[in-house]
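Next come the chains, spelled out residue by residue.
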Amino acid sequence: EAGVTQFPSHSVIEKGQTVTLRCDPISGHDNLYWYRRVMGKEIKFLLHFVKESKQDESGMPNNRFLAERTGGTYSTLKVQPAELEDSGVYFCASSKDGAYEQYFGPGTRLTVT
Amino acid sequence: AQSVTQLDSQVPVFEEAPVELRCNYSSSVSVYLFWYVQYPNQGLQLLLKYLSGSTLVKGINGFEAEFNKSQTSFHLRKPSVHISDTAEYFCAVSPFPPPALNFGKGTSLLVTP
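As they're listed, the protein sequences go chains A and B. Each residue of the first sequence is one higher than the last, beginning at 53 in my numbering. Each residue of the second sequence is one higher than the last, beginning at 100 in my numbering.
Just so you know, the hints here were simulated from the structure itself, not pulled from any lab data. Keep in mind the model is a prediction, meaning the values are calculated, not measured. Keep in mind that the hints are not guaranteed to be accurate.
[To be verified] In silico BS3-like pairs for lysine-lysine, Cα to Cα no more than 25 Å straight-line: (1) B/K168 to A/K148; (2) A/K96 to A/K130; (3) A/K93 to B/K204; (4) B/K148 to A/K96; (5) B/K148 to A/K130; (6) A/K148 to A/K96; (7) A/K96 to A/K67; (8) B/K157 to B/K204; (9) A/K106 to A/K130; (10) B/K148 to A/K93; (11) A/K67 to A/K103; (12) B/K204 to B/K148; (13) B/K168 to B/K157; (14) B/K157 to A/K148; (15) A/K93 to A/K67; (16) B/K204 to B/K168; (17) B/K148 to B/K168; (18) A/K130 to A/K67.
[Unchecked claim] Simulated coverage check for chain B against chain A, where a stretch passes if three residues somewhere in it have a Cβ under 8 Å from a Cβ of chain A: (19) 109 to 116; (20) 140 to 146.
Don't be surprised by glycine CBs; every beta carbon is placed ideally from N, CA and C.
Starting from the given sequences, assemble the full structure and let the hints guide the process.
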């Protein structure tokens, strides 16, 4: 069984540009989560999808961040326009319906210069 | 709201020595508790979890943790560490029922010969 995959693994962009991160959850996992870790800080929750619906987006920092989950499969997280403080590692995780264990992807390291 | 405090940011230890990584949490509701590990260049992997029942929880790779409700702690232990245990360890809590995870800042475990 393939794990959670994320693309790209690294992204370096300039302030003001747009970046789109992609997450492919484990097949059959209805729950998909995005988290972010800014250097030296905790891993922070961004949002939670159940299938294609946003269940909880209370952690999204501002309206420059847009997450989508097409057809309840893969998800994208777009940052537009990117700011310096958006730099960090973005993790995606997925879980089965009703399960407590979340399976994490390797993360995307975003650097905004 | 829940919060997690990992008391040590770095823990150096010699190979075959015992180790304890400390985790305290605060919550006004019942929580589920987790320890995750991140090996270099990999995603987070679940080490163990406490949902209910026995307060001593055994996980993978010889790790165990003890839930102490009165002290609101969930410390991670291993009686004899290996070089391969070098990684970053994250304590996390989630309210009942579990949506998103609240993480601590992480503890870097460095095992040296």
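Hints, one by one, checked against the model:
1. B/K168 to A/K148: violated (28 Å)
2. A/K96 to A/K130: holds (17 Å)
3. A/K93 to B/K204: holds (6 Å)
4. B/K148 to A/K96: Judged against 25 Å, a Cα distance of about 19 Å means the pair holds.
5. B/K148 to A/K130: violated (32 Å)
6. A/K148 to A/K96: holds (21 Å)
7. A/K96 to A/K67: holds (22 Å)
8. B/K157 to B/K204: holds (22 Å)
9. A/K106 to A/K130: Answer holds: A/K106 to A/K130 is near 15 Å, not above 25 Å.
10. B/K148 to A/K93: With a Cα-Cα distance of about 22 Å, the restraint between B/K148 and A/K93 holds, given a limit of 25 Å.
11. A/K67 to A/K103: violated (32 Å)
12. B/K204 to B/K148: holds (18 Å)
13. B/K168 to B/K157: holds (17 Å)
14. B/K157 to A/K148: holds (22 Å)
15. A/K93 to A/K67: Holds - the C-alpha atoms of A/K67 and A/K93 are around 21 Å apart, at most 25 Å.
16. B/K204 to B/K168: holds (21 Å)
17. B/K148 to B/K168: holds (15 Å)
18. A/K130 to A/K67: Holds, at about 14 Å.
19. 109 to 116: This one is violated; 0 residues, fewer than the three required, reach chain A with a Cβ under 8 Å.
20. 140 to 146: holds (count 6)
Against the hints set out earlier in the document, violations occur for numbers 1, 5, 11 and 19.
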